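Number of protein chains: 2
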Amino acid sequence: MPANVPDIVIGRLPVYLRALEHLLKGGHEITSSQELGEQLGYSAAQIRKDLSFFGEFGKQGTGYRISHLAQELRKILHVDREWPVVLVGVGALGHALVRYGGFKPKGFTIVSAFDSDASKVGQRVGALVVQDMDKLASEIARIGAQIAIIATPAATAQEVANTLAKAGIQAILNYAPISITVPKGVRVQYVDPALLMQRLTYYL
Amino acid sequence: MPANVPDIVIGRLPVYLRALEHLLKGGHEITSSQELGEQLGYSAAQIRKDLSFFGEFGKQGTGYRISHLAQELRKILHVDREWPVVLVGVGALGHALVRYGGFKPKGFTIVSAFDSDASKVGQRVGALVVQDMDKLASEIARIGAQIAIIATPAATAQEVANTLAKAGIQAILNYAPISITVPKGVRVQYVDPALLMQRLTYYL
DNA sequence: TGTTGTGAATGACTTCACAGCG
DNA sequence: CGCTGTGAAGTCATTCACAACA
Chain A
1 MPANVPDIVI
11 GRLPVYLRAL
21 EHLLKGGHEI
31 TSSQELGEQL
41 GYSAAQIRKD
51 LSFFGEFGKQ
61 GTGYRISHLA
71 QELRKILHVD
81 REWPVVLVGV
91 GALGHALVRY
101 GGFKPKGFTI
111 VSAFDSDASK
121 VGQRVGALVV
131 QDMDKLASEI
141 ARIGAQIAII
151 ATPAATAQEV
161 ANTLAKAGIQ
171 AILNYAPISI
181 TVPKGVRVQY
191 VDPALLMQRL
201 TYYL
Chain B
1 MPANVPDIVI
11 GRLPVYLRAL
21 EHLLKGGHEI
31 TSSQELGEQL
41 GYSAAQIRKD
51 LSFFGEFGKQ
61 GTGYRISHLA
71 QELRKILHVD
81 REWPVVLVGV
91 GALGHALVRY
101 GGFKPKGFTI
111 VSAFDSDASK
121 VGQRVGALVV
131 QDMDKLASEI
141 ARIGAQIAII
151 ATPAATAQEV
161 ANTLAKAGIQ
171 AILNYAPISI
181 TVPKGVRVQY
191 VDPALLMQRL
201 TYYL
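First to last, the protein sequences are chains A and B. Just so you know, we're using this note's numbering here: the first sequence kicks off at 1 and counts up by one. Just so you know, we're using this note's numbering here: the second sequence kicks off at 1 and counts up by one.
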């Protein structure tokens, strides 16, 4: 497990993995850094360099066996297993996330849902029953969850993040439209489509 | 309108804007690069350097008037206006996007929805009626839309992107879990929560 | 005094270019 | 011969550090 790999490299690995899985579905068995790069808009050298942080996965003169490289990437990213995920905030967005089909095929399963609104506690959402926030820490410990999704309004997201960090959560996917600060050792990724839209309009 | 601003800088401007609007709501009137940086996890120098690409927005010894800086950022990002957006793909995700409340407050309104599935054409989704794909180009021209959201399955996303580019769309927010290639002059931003999850698990 | 705006210095990332190997 | 893996070179981004100024 090499240290000092730039985070920007880590961010590209899932993109590579997604492309490899797509090629596999299309019946391909072998690819090259050049072919991958053209598909993804990266240079061939960058792909080779990124992979070189972790080992040697190709054959000179041939390229990469797609299934093998994909499996190696899954190991590197720790997605060669199932991850339980807890969800905080069961409004419209939280409901959509429980129903969202994109997580399970990648090994992420929302196993508990929490909300601070007493009128929501006890309601069923898909196969889950919404629980009170005061059960959060004990449930996280019971499940052994390390990953949480925040889908609350912006106003409560920081408070929720504090609670999650205290309960031992180390990875947060934040859908609340606000930046949050977390203790060292906790990582946050942000999902805010409006932000991406604003990044697009700059160029219009 | 300065040229040659790194895209990575453009990507941070919406984050700054979001934080400024949050501070405004909290009753603040003035902030500093240091205060903003602490809130966002950036260095104060980086924020000042980013802003310096576009002008001088602060007062030495004082900081930035929040409402003024926010308005300047809106101008820079071209979000000081309303943007019509077309949606392609009206499955579960497309439905959720039409209902999603995060776009309209930022000036983005989904004004048309399209699907290639004949059984969906004519159905109502919120206030919209799903239209056939063969109306796409004429509707984009009629509306003057420059922005599109792709919410189709991965298998059709590239084809849809080609059609959108041909119809004059210059900015695409792609929810399909696949990388797409587009002609020069067209920009794409990706929304794939599973990718972000995989980026998080690397560190677990 | 406190904070900005900015060249200069440092650090990080990407590309180059080629040895090495299948 | 073709493609990988990788040091070296080049480019780009961030941080430093301070003059300028309210």
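Please note: incorrect hints may appear among the correct ones.
For lysine-lysine, the following DSSO-like pairs were computed, each having C-alpha atoms within a straight-line distance of at most 27 Å [unchecked claim]: (1) Lys135(A) - Lys120(A); (2) Lys135(B) - Lys75(B); (3) Lys49(A) - Lys184(B); (4) Lys120(B) - Lys104(B); (5) Lys49(B) - Lys184(A); (6) Lys120(A) - Lys104(A).
I should point out that these hints are in silico values taken from the structure, not numbers from a laboratory. Keep in mind the model is a prediction, meaning the values are calculated, not measured.
Against which earlier hints does the structure fall short, listed by number upward?
Number 2 only.
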